[in-house]
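Novice: Sequence:
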Amino acid sequence: MKSSILLFLTIVSVTFAQNSTPTASPAVLKTENGRYVFGQIGPARADQFLLDTQTGRLWQVVVDKEGRQKLQPVPIIQILGDEAYIPETDGEVAAFRKMMRQRTLDELQKTNAAGPANDK
1 MKSSILLFLT IVSVTFAQNS TPTASPAVLK TENGRYVFGQ IGPARADQFL LDTQTGRLWQ
61 VVVDKEGRQK LQPVPIIQIL GDEAYIPETD GEVAAFRKMM RQRTLDELQK TNAAGPANDK
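All residue numbers for the sequence shown refer to our numbering, where the first residue is 1 and numbers rise by one.
By construction, these hints were calculated from the structure, which means they are not laboratory data. For glycine and all other residues, C-beta sits at the position ideal for the given N, C-alpha and C. Incorrect hints may appear among the rest.
[As the list claims (entries may be wrong)] Label-pair restraints from in silico Cβ distances:
| no. | residue 1 | residue 2 | range |
| --- | --- | --- | --- |
| 1 | Ala44 | Gly67 | 13 to 21 Å |
| 2 | Lys65 | Tyr85 | 20 to 28 Å |
| 3 | Pro116 | Asp47 | 17 to 25 Å |
| 4 | Lys70 | Asn112 | 25 to 33 Å |
| 5 | Asp47 | Thr104 | 20 to 28 Å |
| 6 | Phe96 | Gln40 | 29 to 37 Å |
| 7 | Gly115 | Gly42 | 53 to 61 Å |
| 8 | Asp106 | Gly67 | 51 to 59 Å |
| 9 | Ala44 | Arg97 | 46 to 54 Å |
| 10 | Arg97 | Gly56 | 16 to 24 Å |
| 11 | Pro116 | Ile79 | 28 to 36 Å |
| 12 | Gln102 | Ile77 | 33 to 41 Å |
| 13 | Arg103 | Glu83 | 50 to 58 Å |
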């Protein structure tokens, strides 16, 4: 547990040391030089996050039942509605969209080939 807190504090201090110039918006988690960035999105103290800028993984700072601060992974809702801890890549999203367009075209072609519906 102590090593987890030490790792967290090391990452935070490295990120702040690399980002000596303030960003334009305090509500944006970003960094120019480091991989990890720690920030607070809103005015509430509970809005503290750690972002891995290379993978897109996100953790929120939470307090457990014993009062200890921990990093809790934040799940991301994927394009099909399932949860994951790493965002889908642009290639995965593009492939899904291409598949859905093709499926829609196939369904339209079947509907057009069947002809107009007979009303009785």
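Novice: Could you run down the list of hints and mark each one as holding or not?
Specialist: Status of each hint after checking the structure:
Ala44 and Gly67 have their C-beta atoms about 18 Å apart, which keeps the hinted 13 to 21 Å range intact. Between Lys65 and Tyr85 the Cβ separation comes to about 23 Å, which falls inside the hinted range of 20 to 28 Å. For the pair Pro116 and Asp47, the supplied restraint of 17 to 25 Å is violated, since their beta-carbon distance comes to about 56 Å. A hinted range of 25 to 33 Å is violated for the C-beta pair Lys70 and Asn112, which are about 57 Å apart.
About 39 Å separates the C-beta atoms of Asp47 and Thr104, a value inconsistent with the hinted range of 20 to 28 Å. The hinted window of 29 to 37 Å between Phe96 and Gln40 holds, with their beta carbons roughly 33 Å apart. For Gly115 and Gly42, the hinted distance range of 53 to 61 Å is satisfied, since their beta carbons lie about 57 Å from each other. Remark: the range hint 51 to 59 Å for Asp106 to Gly67 is upheld by a beta-carbon distance near 57 Å.
Distance hint check for Ala44 and Arg97: the Cβ-Cβ separation is about 36 Å, which falls outside the suggested range of 46 to 54 Å. Against the hinted window of 16 to 24 Å, the Cβ-Cβ separation of Arg97 and Gly56 comes to about 19 Å, which satisfies the hint. The given range of 28 to 36 Å is respected by Pro116 and Ile79, whose C-beta atoms sit roughly 35 Å from each other. Our hint of 33 to 41 Å for Gln102 and Ile77 is violated, since their Cβ atoms are close to 24 Å apart.
Against the hinted window of 50 to 58 Å, the Cβ-Cβ separation of Arg103 and Glu83 comes to about 24 Å, which falls outside the hint.
The structure shown violates the earlier hints numbered 3, 4, 5, 9, 12 and 13.
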